[in-house]
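Peer 1: Each chain is listed here by its residues.
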Amino acid sequence: MSIDFLAGLVGLILTLLIFSYLIGDNPLFRLATYLFIGVSSGYAAAAIWHYVLIPKLFNPLRSSDPTQLLLAVIPFILCFTLFAKLLPRISWIGNFAMAILAGVGAATALGGAALGTLIPQSLAAMDMFDLRGLDRAQAFARLVQGAIMLAGTVAALGYFQFSASRAPDGTPKRNAFFEGVAWLGKVFIAITFGTLFAGVYMAALTAMIERLSSMINFIRQLAGI
Amino acid sequence: MPNESSMPVSPAEALDWLTPQEGQKVSPFDEKPAESNLDWLKGGGQETLIYPTPADSTSPFTKIPTGSLEGGDELPAWLKSATEDPSMPAPGALSDWYKDDDAAAHSPLQPVPIDPNFIPAPMDEGSLSNQDIDSLFSVKLPDWMSDAETKTEADAPQQARSIPASSDESLAPVNLPSWVQAMRPAESAVVAEPVSMSEEAERQGPLAGLQGVIPVAPIGSSRRPKAVSLKLQASDEQQTAASILETVLAGETTARAIGAQSMVASQRILRWVLSGLFLIVLSAMIFMRTRNLPISPDLPAAVRSAAGIITRLPQNSSMLIVIDYEPALAPEMEAVSGPLLDQLVLTTRARLVFISTSPSGAGLVNRLLLNTGISSPAGINYQPGTNFVNLGYLPGGASGVREFIDAPSTAMPGAVERVFSEYAAVIVLTDNGESGRLWVEQLVAKNQADAGYFAFQPLLFAASAQATPLLQPYVDSEQINGMVGGLADAARYEFVNNSRPGIARIYWDTFGVGMVLGVVMMIFGSLWSLISGILARRKAAEAG
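Chains as they are written, first to last, in our numbering: chain A, 102 to 326; chain B, 1163 to 1706.
Next comes chain A alone, as it looks inside the complex:
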């Protein structure tokens, strides 16, 4: 019995267990999900130990270079202080390491978002109305495309504008202009969600095809077809 056969058999059984959810939540489905979660967690722990802790935390401590050793001890101590978070009385000891983690992470993410997304995307939106060097047809097509994109962006943002004045009957009511913008924004948001749903459906459909293909191929192999 080869390892491929065993792998195929386990894959077939687990796939059927997952498909059993069609008849509702049941112990077989839960068995498969618990198994998946357990295996994933165990593999993640092993990967972190193998790829992170040993090469980046413990191996540098064996260095003979005092400078390297000092640089290795500092993160080791900071990591060790994080264990203090387990005890409420001395949890403050881990605050410094947590502050470094949160601060550096936030700074990196914010800097990247500003320089990599906000500014470049704003410039790209402006470039849509740069018609220099284009013939009339290209310019018209680009202008329409830019106008739709601009209208979608403004309308979608306008949909989340919830400031309103009070109507004579006391109910809050936006003025007619913002109501129209919000309605248009709702249309664009619906199209966006529809696009995202289509993408999720295609991804799930591909995964399902692969599973069915794997099962059928295994059965064919067993049957010798």
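Hints in this document: simulated from the structure, not taken from any laboratory. Just so you know, not all the hints are guaranteed correct.
Said to hold, decoys possible - Derived Cβ-Cβ restraints for the label pairs, each shown as a range:
id: 1; chain 1: B; residue 1: Arg1700; chain 2: A; residue 2: Leu251; range: 38 to 44 Å
id: 2; chain 1: A; residue 1: Ile149; chain 2: B; residue 2: Ala1404; range: 52 to 58 Å
id: 3; chain 1: A; residue 1: Val301; chain 2: B; residue 2: Phe1686; range: 18 to 24 Å
id: 4; chain 1: B; residue 1: Gln1429; chain 2: A; residue 2: Phe261; range: 29 to 35 Å
id: 5; chain 1: B; residue 1: Ser1583; chain 2: A; residue 2: Gly206; range: 24 to 30 Å
id: 6; chain 1: A; residue 1: Leu117; chain 2: B; residue 2: Gly1687; range: 35 to 41 Å
id: 7; chain 1: A; residue 1: Leu132; chain 2: B; residue 2: Pro1539; range: 34 to 40 Å
id: 8; chain 1: A; residue 1: Asn160; chain 2: B; residue 2: Pro1459; range: 50 to 56 Å
id: 9; chain 1: A; residue 1: Ala268; chain 2: B; residue 2: Thr1415; range: 31 to 37 Å
Stated by the list, open to error - Partner residues are not named here, just some residues of chain B that face chain A (Cβ under 8 Å, in silico):
id: 10; residue: Phe1449
id: 11; residue: Leu1491
id: 12; residue: Glu1494
id: 13; residue: Gly1525
id: 14; residue: Gly1554
id: 15; residue: Arg1599
id: 16; residue: Ser1626
id: 17; residue: Gly1676
A virtual CB, placed ideally from N, CA and C, is assigned to each residue, including glycine.
Put chain B on the given structure of chain A with help from the hints.
Peer 2: Relative to chain A, chain B alone:
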């Protein structure tokens, strides 16, 4: 000199007014001294009086014929029942709380248990001399009473002698009919709890010199519990807020009406029907291994750009491949990235350097290379260490990415490239637009901080269909130089790439049928919902 009518004749007679309170006991003896006053009670010894309760009769008493009590020691059955304690006390009877020791200690008269067989000796008026009576009082009376009597006799001896004379013809309290005495309310209103007694000695009157006789507080104190207003002092605003809270709580606690059982069952059946339909159709397509659906040779702009960039990459250079997807979407990602990697390897014979931004991604590298035919002996047969290397998991999210861009060998000890620019190209395989965006942002930020750091390094993406819409703006802004998004792009890429490695082509027919089936289902469901809604509205309008 006390008259015989005023002295206690017998214990039973002294407590005669209490006997009805003890449960309507029948008097077992004749009261001779009271005979003269109780002629109306005579019944020839054949009748016994019982004290009726108001509920029994409007008559003050009822005559019940009885036999002679002297006939035997045993009482007749009806008398036994009468002598037993009733289950409920008669009106005016003492309650249980009154019979406790504490109440008894404060009661001026202690009920004495009466022996039903006790028959007192007949009393003769002449048989009691004055000496006998004095001797009785000299023994029984307390000292204070003796002192008071001595003083009284000394102060007014004539008055003391006149009292018995005047009382000869009067009715003593003990001679009142028992049922009348039973109606006396005075002694029944005994304090239920002990009251504090005055610690000061009395200075005047018969109680002079005594202390602790008169309670400090009057019996039956008029003190009442402090009145507490039950009206809630709340303002209108508070009451409005309370009503709102009540409404909210009512909305939360009210059980929602669930759909009828038939509706739930029909939805379950509908789910089974749809699932079965998909399974049957897709399995049939896979089983038949059809290759009938056409594939357009026209590549999207992003795919065409990616294919063009790969052809221009230097030979035998290192390429960084970022694994940024979860195992659940590995089949799709292998199908999507397969033609891109296949062309890359075949065109440039590049050295592939894999790095993963998810812990489970490190284990997906070998599967990717096997399924795309890159490391399989029957395929390109890339060898680990020589042709490709798996650096493993890169932790830290955005910080880790930035660290790796700054110094690859520091961030990942297995990396041989000291600077990021040694990678000829970066190819990100992602199923998540957010995490894939991190590479774009950090590369752009690094390039702006250090101008031209990787100006000539292309950034390519192979993205899942669900991540493609989120990454498309970066393609349009040319921050991403080329992208293959989803199975549709991959199938076209394969068609241009001489149908290698063929995964997308295998899935393509089934994928197309599944897409059509999904669209048909959505249209059918929408029409069904629309028609049923119109019919329901029309039905509601007809029903008024």
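Peer 1: Which numbered hints are broken by the structure, listed smallest first?
Peer 2: 6
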